[in-house]
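Novice: Sequence:
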Amino acid sequence: MSLRLGNIVLFSRNPKILGSFLSDIFDSECLTLKDQTYYIDNEIASFKILPIKADQLFAQGGERDFLLEIETGSLDELEDFLHKIQFLKFRHGNTEEQGKVELTRDQDCYFFIVRDPDGRRWKFFWLNAS
Numbered sequence: 012m013s014l015r016l017g018n019i020v021l022f023s024r025n026p027k028i029l030g031s032f033l034s035d036i037f038d039s040e041c042l043t044l045k046d047q048t049y050y051i052d053n054e055i056a057s058f059k060i061l062p063i064k065a066d067q068l069f070a071q072g073g074e075r076d077f078l079l080e081i082e083t084g085s086l087d088e089l090e091d092f093l094h095k096i097q098f099l100k101f102r103h104g105n106t107e108e109q110g111k112v113e114l115t116r117d118q119d120c121y122f123f124i125v126r127d128p129d130g131r132r133w134k135f136f137w138l139n140a141s
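With the numbering used here applied, the sequence shown closes on residue 141, and no number is skipped along the way.
Take these hints with a grain of salt, some might be off.
[What the hints assert, rightly or not] Have a look at the derived ranges for each label pair, beta carbon to beta carbon:
1. Asp119 to Thr48: 38 to 44 Å
2. Ala140 to Gly104: 33 to 39 Å
3. Glu82 to Val20: 27 to 33 Å
4. Ile124 to Gly84: 17 to 23 Å
[Said to hold, decoys possible] DSS-like, lysine-lysine: derived pairs with alpha carbons at most 27 Å apart:
5. Lys45 to Lys95
6. Lys134 to Lys111
7. Lys134 to Lys95
8. Lys45 to Lys59
9. Lys95 to Lys59
10. Lys95 to Lys27
11. Lys100 to Lys59
12. Lys111 to Lys95
13. Lys111 to Lys100
14. Lys27 to Lys45
15. Lys134 to Lys59
16. Lys100 to Lys64
17. Lys64 to Lys27
18. Lys95 to Lys64
19. Lys111 to Lys45
20. Lys100 to Lys27
21. Lys27 to Lys111
22. Lys134 to Lys100
Keep in mind the hints are simulated off the structure, nothing from the lab.
We treat Cβ as the ideally placed atom computed from N, Cα and C, and that holds for glycine.
Build out the structure end to end from the sequences listed, making use of the hints.
Specialist: So this is what it looks like as structure tokens:
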């Protein structure tokens, strides 16, 4: 059996802002498709961002039932990614509801969690297997 994860479809109040956010994080081009749909394809995953009205989406700022985990190859890569995220949050204006992004350690797992403009959580981690 051969399986491959397809597009990760994200619904957004403002797909252009979310597309820019993900484009900055993953150093990938954000393509504009029809009807305010955006598409990002990189070595990690493919994201399709679709517009949705605010009343059809969960409350902004509340906890989401979505958490995407992305593993890095080393602690150095994770720290580099953390610094990049911190810079992007500074450049775009860090809001209180998005919170501060800091490296956390839980036994052998180092991680940080960042929220996208719609409040979804993205966990970047490195697991020390030694």
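Novice: Hints first: check each against the structure and report whether it holds.
Specialist: Tested hints:
1. Asp119 to Thr48: 38 to 44 Å: With a Cβ separation near 40 Å, Asp119 and Thr48 satisfy 38 to 44 Å, so the hint holds.
2. Ala140 to Gly104: 33 to 39 Å: holds, 37 Å
3. Glu82 to Val20: 27 to 33 Å: violated, 22 Å
4. Ile124 to Gly84: 17 to 23 Å: holds, 19 Å
5. Lys45 to Lys95: The hint is violated at about 30 Å.
6. Lys134 to Lys111: holds, 13 Å
7. Lys134 to Lys95: Holds, because 14 Å separates the two Cα atoms, which is no more than 27 Å.
8. Lys45 to Lys59: holds, 12 Å
9. Lys95 to Lys59: Given that 27 Å is the threshold and the Cα spacing comes to 23 Å, the pair holds.
10. Lys95 to Lys27: holds, 20 Å
11. Lys100 to Lys59: holds, 22 Å
12. Lys111 to Lys95: holds, 13 Å
13. Lys111 to Lys100: Holds, because 9 Å separates the two Cα atoms, which is no more than 27 Å.
14. Lys27 to Lys45: holds, 12 Å
15. Lys134 to Lys59: holds, 19 Å
16. Lys100 to Lys64: Given pair Lys100, Lys64 holds - Cα atoms ~25 Å apart, limit 27 Å.
17. Lys64 to Lys27: holds, 14 Å
18. Lys95 to Lys64: Cα-Cα ~31 Å, so violated.
19. Lys111 to Lys45: violated, 35 Å
20. Lys100 to Lys27: This hinted pair holds, its Cα atoms lying about 17 Å apart.
21. Lys27 to Lys111: Holds, at about 23 Å.
22. Lys134 to Lys100: holds, 15 Å
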